[in-house]
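Trainee: Each chain is listed here by its residues.
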Amino acid sequence: MSASLEKGINALKEQVDSSVAAFFSSCVHCGMCADACLFQTETGNPASTPIAKTEPLRRIWKSEYTLLGRLGKIFGLSKKVDEELLAEWETMVYDNCTMCGRCSMVCPVGNDIALMIRKTREGMAVAGYAPEGLIGAMNRAIKIGSPMGVKLPALLAQIKHIEADTGKTIPVDVVGAEYMLLLSSMEIMNFPKFIEAISKIFDKAGATWTISTEAFEATNTGIQIGVNDLAAELVQRTVDAAEKLKVKTVISPECGHAYMAIRWEGPNLIGKPYSFQVRHILEVLDSMRAEGRIKTDSKESQKLTYHAPCQVARRGGVIDEPRRLLDLFADNFVEMLDAGKMNWCCGAGGGVSSNERADEVRLEVFKRKKAQLEEVKPDALVSACANCRIHLEDGLEEYGMDIPVISLTETLAEHLADD
Amino acid sequence: MASQSDKEKTLGDVLRSHGVSRRSFMKYCATTASMMALSPAMIPMIAEALEKAKKPSVIWLSFQECTGCTESLTRAGASTIENLIFDSISLDYHHTLQAAAGHGAEAAREEAMREHHGKYLLVVDGSIPMDNPGYSTIAGISNYDMLMEAAAGAAAIIAVGTCATYGGLPKANPNPTGAVSVGDLIKDKPIINVPGCPPIPVVITGVLTHFLTFGNLPELDDLGRPMAFYGQSIHDRCYRRPFYDKGLFAETFDDEGAKKGWCLYKLGCKGPTTYNACATTKWNNGTSFPIEAGHPCLGCSEPEFWDGGGFYKALSIPTADIGETALYAAAGAAAVGVALGAMNRSKKGSAAKAHEKVTLEDLEK
Amino acid sequence: MSEIALLEWVRGPGFQIATIILVVGVIIRIFEILMLGRKSNLAEAKGSEFASGMRTIVTRSVPTAESFKRSSLTIVAGYVFHFGLFVTIFLYAPHILLIKGVTGLAWPALPTPVVDIVAVVSIIALLVVLVHRFNNKVLRYLTTSGDLFAWFVTIAPLVTGYIAFHRIGMSGPALLAVHILSVELLMVVLPFTKLAHAFTIFMARWYNGAISGYRGVQS
Chain P
1 MSASLEKGIN ALKEQVDSSV AAFFSSCVHC GMCADACLFQ TETGNPASTP
51 IAKTEPLRRI WKSEYTLLGR LGKIFGLSKK VDEELLAEWE TMVYDNCTMC
101 GRCSMVCPVG NDIALMIRKT REGMAVAGYA PEGLIGAMNR AIKIGSPMGV
151 KLPALLAQIK HIEADTGKTI PVDVVGAEYM LLLSSMEIMN FPKFIEAISK
201 IFDKAGATWT ISTEAFEATN TGIQIGVNDL AAELVQRTVD AAEKLKVKTV
251 ISPECGHAYM AIRWEGPNLI GKPYSFQVRH ILEVLDSMRA EGRIKTDSKE
301 SQKLTYHAPC QVARRGGVID EPRRLLDLFA DNFVEMLDAG KMNWCCGAGG
351 GVSSNERADE VRLEVFKRKK AQLEEVKPDA LVSACANCRI HLEDGLEEYG
401 MDIPVISLTE TLAEHLADD
Chain B
1001 MASQSDKEKT LGDVLRSHGV SRRSFMKYCA TTASMMALSP AMIPMIAEAL
1051 EKAKKPSVIW LSFQECTGCT ESLTRAGAST IENLIFDSIS LDYHHTLQAA
1101 AGHGAEAARE EAMREHHGKY LLVVDGSIPM DNPGYSTIAG ISNYDMLMEA
1151 AAGAAAIIAV GTCATYGGLP KANPNPTGAV SVGDLIKDKP IINVPGCPPI
1201 PVVITGVLTH FLTFGNLPEL DDLGRPMAFY GQSIHDRCYR RPFYDKGLFA
1251 ETFDDEGAKK GWCLYKLGCK GPTTYNACAT TKWNNGTSFP IEAGHPCLGC
1301 SEPEFWDGGG FYKALSIPTA DIGETALYAA AGAAAVGVAL GAMNRSKKGS
1351 AAKAHEKVTL EDLEK
Chain A
2001 MSEIALLEWV RGPGFQIATI ILVVGVIIRI FEILMLGRKS NLAEAKGSEF
2051 ASGMRTIVTR SVPTAESFKR SSLTIVAGYV FHFGLFVTIF LYAPHILLIK
2101 GVTGLAWPAL PTPVVDIVAV VSIIALLVVL VHRFNNKVLR YLTTSGDLFA
2151 WFVTIAPLVT GYIAFHRIGM SGPALLAVHI LSVELLMVVL PFTKLAHAFT
2201 IFMARWYNGA ISGYRGVQS
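Protein chains in written order, with the numbering used here: chain P, 1 to 419; chain B, 1001 to 1365; chain A, 2001 to 2219.
To be clear, the hints were calculated from the coordinates, so they are not data collected in a lab.
The beta-carbon is built from N, C-alpha and C at its ideal position, and this holds for glycine as well.
Warning: the hint list may mix true and false statements.
[Unchecked claim] Label pairs and their computed distance ranges (CB to CB):
id, chain 1, residue 1, chain 2, residue 2, range
1, B, Glu1361, P, Glu356, 34 to 44 Å
2, A, Arg2038, P, Gly206, 40 to 50 Å
3, B, Ala1258, A, Met2170, 26 to 36 Å
4, P, Phe333, A, Ser2072, 40 to 50 Å
5, A, Ser2040, P, Glu356, 33 to 43 Å
6, A, Glu2066, P, Gln277, 29 to 39 Å
7, B, Asp1222, A, Arg2038, 52 to 62 Å
8, P, Glu356, A, Gly2047, 31 to 41 Å
[Unchecked claim] For lysine-lysine, the following DSS-like pairs were computed, each having C-alpha atoms within a straight-line distance of at most 30 Å:
id, chain 1, residue 1, chain 2, residue 2
9, A, Lys2100, B, Lys1260
10, B, Lys1357, B, Lys1313
11, B, Lys1348, P, Lys62
12, P, Lys377, A, Lys2046
13, P, Lys244, P, Lys200
14, B, Lys1357, P, Lys79
15, P, Lys244, A, Lys2046
16, B, Lys1260, P, Lys80
17, P, Lys367, A, Lys2137
18, B, Lys1347, B, Lys1313
[Unchecked claim] Which chain A residues stay away from chain B? Per the calculated CB distances, all over 12 Å, these:
id, residue
19, Ile2017
20, Ile2030
21, Val2062
22, Thr2193
23, Gln2218
Extracted from the complex, chain P is given alone in its bound form (with noise of 0.2 Å):
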């Protein structure tokens, strides 16, 4: 066995716990997680069964953690994690998978499966099958501190370009301001107008704020690919750089697998509580909101609808929220079929789409995004994740649907009430 193989095994071992056990042990094999998943119903292929994905894990738990197997063990007759099975699972646990928990929500006897994929994961990146796209995010992420390489001269650039097009002052390293905003590459890179947006409505509410300049990145690769050691060393810089400016509140914006890292993953991957507070920015407008601290003055009448990102909404609690502040502006706003949290994935979270590799099957499984929006019919698309927005208009380009993709809180910026 070579090394990196007895590090995943060893790996997997690690992720075995009691949720684990009891999920396998329940597992009826009924199939049901396949509907649940786009992967499986846009490709009808069933290997893209969740729980399938999950097998490497179950034949550690099996031979290492039940009576029968450890027996079966000792007689040589319990199924083995070996290279062989690690690189045929490796598409489906990577390329197949967006974490995106749907499985988990109609599973009947319970099983969390998108837990046990994550926690699959951290067997097979440490055993060496990581798809490359997202090794090399990895790396970035560690030695840059940006998955796409992003460096501080680019954001500072661009918060350059914010100040002389607005005329405001974006708060760099303000030690006490109340929230430190982090931010995704994408939006640093794709849509800076994010960054305009949060110091028009912040500064509208009064709230102070401030970005970091030694932790703005938001996205956390680590929790992707599977490798909590690397995830807990980029969430420490943020809690650092949030201990340093004294910050109140650290604001993960809008992007799906970000917020989960910080603010789920986070305090169990550095093994501690946080001395502050994570929310989202759409909890945040909306406890704004909440306060009178927003208000708006003019209303969207064009035909909206929202795409919820798994990580913010199924997977993060944050579900209402945008609900609310959609309704500030929103004047014919029309849920999807499957709304709330049992909506459908876009088909690029949980590093599908820094995975090169998974492109052509991302594009396929967007077919259900597609019926989706062709059912509603909306003249605009809202979301509240960079990434999903980037896959939105892939996918609607690639299907030639004229849908514009818009952010929500760029959108709430707009109509702002001058007061």
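With the hints as your guide, set chains B and A onto chain P.
Mentor: This is chains B and A only, laid out in the frame that chain P set:
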């Protein structure tokens, strides 16, 4: 006991001398034929065979038994053809019924065995103690020795009653005498088992009739019982069966259900697993059978019926004490479970200990 | 061994052995699972873990409309045979007598003809489940020999119970013995096969609800 001159008479002679009319004799033959599931065309053949049959010599050995079988078969009451059939055999030895006692009795047995060697019928009731032969002896002879000696010259053996057929009460747990059945000991002779505690009288006369008519044994089931009498279960012929099918059960012996004649399953009826002719032949000259009297079937014609978990315990209830077993098992399992859980924890602990911080280099194969 | 002796064995020592294996199996599996432990969540909670877990134990029994549409055959057939197993096991008079004999607890039975019909419907549902398992691409991919074995030990008591009640094909003692034996087989393998979901489902659903509820989502 039958006199020497009686032995020369045919069965027909004997019956006529007892005033049995031709009509009632034919009726008996018809009843026997129908009970034994023979075609009506066989009735004249039975009659003819019985008419001509020479009184066969019968040796009756009683071992560990209660004499209930003999009581049943010779019971008081209106004189019946069945009884007359009994009168028509030459019962050369039966230590309860015979007049002779002591050496005389044993001499009669030895004489019959010698005289009719290879031709006499051996009837046995009671089980045979195999632990200490002293548990049951006759004239100083152990039951085992007497059985083996008598069996050697028998044409066939009829084991009467559940003790002789399957060990019965003496064999019930914990079987202190090491009781065994006739069939356990004798393998080289035809044996007809006529179980029951006691068996129905007409069954034994039916078997005798068959033997006298055809000179061979009737068709037997895999427990050695004549199919004609033991081919159907009490349950399948029970007049209360419709209540079982509907799920209407008496809960106690004096509740509404009991008064309405509902099924006695819940009161422990063993009808579904018991094969006997009670429900069709009935007892006491065809008066009734236990279920008609409101009592569940005990299953007395089946092996080990004493150990079936209690007469008043329903068939679906396990015979062993499951609740207590489960408690002990749970206590033991908790200990094993904690041990296995601890092993899991330590395995996971060592995996955590073996963890080396994952670096970027690890990601490249 | 005669049929009646077999019956006595399955009613006595056989049932005892099966009970021991079932009880021991369930308990060690529970320890095996729970003692693995789970790290406490250090993130600031948005909802309750315990209450959400308990809620999911119940709510997961009701599929969402969309899920029902997509997996209707699995759900309907699954519901029917689970319901049927419940009725035949727990609401048939002789079985209640058994439970009363072992635990002292009893409750009213359904009329036997109703249980009879339910048994037939359950058997049909299980046959549908099997056919579906072979006809559906995903299910065929997922199916292992363990699934077929679990299917067999589940349908066996229903079939043997049905023919024992209707007294088809074998003698009374043999029918009852085979039925009880099939139940004992089910008891023995239950803790160690996927049938363990009969008790691990409560843990799995609780964890699912707890994980999700902690983040403020009712799963």
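Trainee: Each hint needs a verdict: does it hold in this structure or not?
Mentor: Checked hints:
For B/Glu1361 and P/Glu356, the Cβ-Cβ distance of about 22 Å falls outside the hinted range of 34 to 44 Å, so the restraint is violated. At about 42 Å, the CB distance of A/Arg2038 to P/Gly206 agrees with the hint of 40 to 50 Å. Hint check: B/Ala1258 to A/Met2170, Cβ distance near 31 Å, so the stated range 26 to 36 Å holds. In this structure the hint that P/Phe333 and A/Ser2072 lie 40 to 50 Å apart at CB is violated, the actual value being about 31 Å.
For the pair A/Ser2040 and P/Glu356, the supplied restraint of 33 to 43 Å holds, since their beta-carbon distance comes to about 39 Å. Between A/Glu2066 and P/Gln277, the C-beta spacing of about 34 Å keeps the proposed range 29 to 39 Å intact. Between B/Asp1222 and A/Arg2038 the C-beta distance comes to about 58 Å, which sits within the given range of 52 to 62 Å. Our hint of 31 to 41 Å for P/Glu356 and A/Gly2047 holds, since their Cβ atoms are close to 38 Å apart.
Between A/Lys2100 and B/Lys1260 the alpha-carbon distance is near 24 Å, which keeps this suggested pair within the 30 Å criterion. Our distance criterion of 30 Å between C-alpha atoms is broken by B/Lys1357 and B/Lys1313, whose separation comes to about 66 Å. About 13 Å separates the Cα atoms of B/Lys1348 and P/Lys62, which keeps this hinted pair within 30 Å; it holds. For the given pair, P/Lys377 sits about 34 Å from A/Lys2046 by alpha-carbon distance, which is inconsistent with the 30 Å threshold.
For the hint linking P/Lys244 to P/Lys200, the alpha-carbon distance of about 25 Å falls within 30 Å, and the restraint holds. With a C-alpha separation of about 27 Å, the suggested pair B/Lys1357 and P/Lys79 falls inside the 30 Å cut-off, and the hint holds. At roughly 26 Å between alpha-carbon atoms, P/Lys244 and A/Lys2046 fall within 30 Å of each other, so this suggested pair holds. Taken as a hint, the B/Lys1260 and P/Lys80 pair is broken in the structure, with Cα atoms around 66 Å apart against an allowance of 30 Å.
For a cut-off of 30 Å, the pair hint linking P/Lys367 to A/Lys2137 stands: about 20 Å separates their Cα positions. Between B/Lys1347 and B/Lys1313 the CA atoms are separated by roughly 49 Å; this puts the pair beyond 30 Å, and the hint is violated. Against chain B, the non-interface label of A/Ile2017 is violated: not every CB pair exceeds 12 Å, the least being about 9 Å. Non-interface status of A/Ile2030 relative to chain B is broken: a Cβ of that chain comes within 12 Å, the nearest being about 7 Å off.
The non-interface label for A/Val2062 is consistent with chain B: the shortest C-beta to C-beta separation is roughly 31 Å, beyond 12 Å. At roughly 17 Å, the least C-beta separation between A/Thr2193 and chain B is larger than 12 Å, which holds for a residue marked as non-interface. Every CB of chain B lies more than 12 Å from the CB of A/Gln2218, the least distance being 31 Å, so the non-interface label holds.
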